[in-house]
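A.B. asks: Kindly generate the complete structure, drawing on both the sequences and the hints.
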Amino acid sequence: MATVELSGHPAVRTATGLPMLKLGFWVFLGSETLFFGSLISAYMVYKHESVVGPYSHELLNIPLTSVSTFVLLMSSLAMVLALDNVQRGSRRWGPFWIAMTAALGSLFLGFQAYEFTHFYHEGLTLQTNLFGSSFFVLTGFHGAHVTIGVLWLLLLLVQALRGQLPPGKALQLEVAGLYWHFVDVVWIAIFTLVYLIE
Amino acid sequence: MALSEAYPEPQPQEAGVHGTEPGHAHAGWKTYVVVGVILTVITALEVAIFYIPALHGVMVPILLALSGAKFFIVALWYMHLKYDSRLFSQVFFAPLSLAVLVVIGMVMLFKVLPGLR
Chain A
469 MATVELSGHP AVRTATGLPM LKLGFWVFLG SETLFFGSLI SAYMVYKHES VVGPYSHELL
529 NIPLTSVSTF VLLMSSLAMV LALDNVQRGS RRWGPFWIAM TAALGSLFLG FQAYEFTHFY
589 HEGLTLQTNL FGSSFFVLTG FHGAHVTIGV LWLLLLLVQA LRGQLPPGKA LQLEVAGLYW
649 HFVDVVWIAI FTLVYLIE
Chain B
83 MALSEAYPEP QPQEAGVHGT EPGHAHAGWK TYVVVGVILT VITALEVAIF YIPALHGVMV
143 PILLALSGAK FFIVALWYMH LKYDSRLFSQ VFFAPLSLAV LVVIGMVMLF KVLPGLR
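Residue numbers (the working numbering), protein chains in the order written: chain A, 469 to 666; chain B, 83 to 199.
Honestly, the hints are just simulated from the structure, not real lab data.
Incorrect hints may appear among the rest.
[Claimed, not checked] Listed next, the in silico DSSO-like pairs over lysine-lysine satisfying Cα-Cα at most 30 Å (straight line):
1. 164/B to 637/A
2. 637/A to 193/B
3. 112/B to 193/B
[Stated by the list, open to error] Sample of chain A residues facing chain B (criterion: CB under 7 Å; computed from the structure):
4. 498
5. 507
6. 509
7. 513
8. 519
9. 537
10. 549
11. 552
12. 588
13. 643
14. 646
15. 656
16. 660
17. 665
18. 666
Glycine included, each C-beta is placed from N, C-alpha and C at the ideal position.
C.D. replies: Encoded structure:
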């Protein structure tokens, strides 16, 4: 196993010559696809099996969710621009785009909180029916992932503002970016399978 | 053959490509913005298709294709799989393929096959 010094911070590499942190994180993301695949399967099987309402077609708000989907897509663009600027050593635009990503992620969570609250007032809870159980578990776990991503980004923002995120340590932001984009691609699947396809 | 020879990191191939380490290349901001516009257009298309009654018969395959296109665009450009070592693609797409098979299998088992009896 080789160790390469990057601006005083060792990036441990595997026998493949690739950074261990990045390779390990890709393996983690691979396992996450199976996690969300299971939740999506459960939703697809159960969504039309409810014996009492409210039902999915009565509640799902496509215009609202389309806007929140756009917000999450734009947060992915902000994330990749943040990485681009940090790798180029921009002390101004790196933190700006990290903050923008966290802000758009928070806005997405706001949309989700509004949707969950609205569904609750319409009588849908985790215990109401199979649609409610499978919907809240799937989108709730996705929302939890977004929340973790926002907190992670805020920690990196503090580091960047303190000047502790130079180009040599951009791998930290790149891995956070991989996580953020993964959360985005999971939502791409959820938006189609849960909201658009009845 | 050493593993590092089997999975070489790709070298920069286009103008404007840069990275933190030698050979660690990815696209520039212009490419990212273009990709963002493409993703927005595809999302708008998806929503439009949802509201066109004439397309409801073919809506499911079209939406799945558009969703798959968005998924791969984000993975290839924003997650840099297009530019990074192909080992990253393998460790991600192998379990992803299994996850897709699980979803298809479950839907076939509980939704499609019972209706055929």
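A.B. asks: If a hint holds in the structure, say so; if it doesn't, say that too.
C.D. replies: Okay, the hints, checked on the actual structure:
1. Our distance criterion of 30 Å between C-alpha atoms is met by residue 164/B and residue 637/A, whose separation comes to about 22 Å.
2. Taking the CA atoms of residue 637/A and residue 193/B, the gap is near 49 Å; set against the 30 Å cutoff, the hint is violated.
3. Between residue 112/B and residue 193/B the CA atoms are separated by roughly 44 Å; this puts the pair beyond 30 Å, and the hint is violated.
4. At a threshold of 7 Å, the smallest CB-CB gap from residue 498/A to chain B is about 4 Å, leaving the interface hint in force.
5. The beta carbon of residue 507/A is not positioned within 7 Å of any beta carbon in chain B (closest approach about 10 Å), and the interface hint is therefore violated.
6. Annotation: residue 509/A was flagged as interfacial toward chain B, and the flag holds, the nearest CB pair being 4 Å apart, inside 7 Å.
7. Annotation: residue 513/A was flagged as interfacial toward chain B, and the flag holds, the nearest CB pair being 5 Å apart, inside 7 Å.
8. Annotation: residue 519/A was flagged as interfacial toward chain B, and the flag is violated, the nearest CB pair being 16 Å apart, outside 7 Å.
9. Interface restraint check: residue 537/A against chain B, minimum CB-CB distance 6 Å, threshold 7 Å, status holds.
10. A distance limit of 7 Å between C-beta atoms decides the matter here; for residue 549/A the minimum to chain B is near 6 Å, and the interface restraint holds.
11. Interface restraint check: residue 552/A against chain B, minimum CB-CB distance 5 Å, threshold 7 Å, status holds.
12. For residue 588/A, the interface hint is violated, the least distance from its beta-carbon to any beta-carbon of chain B being 25 Å, above 7 Å.
13. A least Cβ separation of about 11 Å between residue 643/A and chain B goes past the 7 Å threshold, and the interface hint is therefore violated.
14. Because the beta carbon of residue 646/A sits about 6 Å from the nearest beta carbon in chain B, less than 7 Å, this interface hint is met.
15. Restraint check, residue 656/A versus chain B: the minimum CB separation of about 5 Å is within 7 Å; hint holds.
16. With a least beta-carbon distance of about 4 Å to chain B, the hint placing residue 660/A at the interface is held under the 7 Å criterion.
17. Because the smallest distance between the Cβ of residue 665/A and any Cβ of chain B comes to about 6 Å, under 7 Å, the interface hint for this residue holds.
18. Proximity of residue 666/A to chain B is violated relative to the hint, the smallest CB-CB distance being about 9 Å (cut-off 7 Å).
Going down the numbered hints, you'll see the structure goes against 2, 3, 5, 8, 12, 13, 18, while the others check out.
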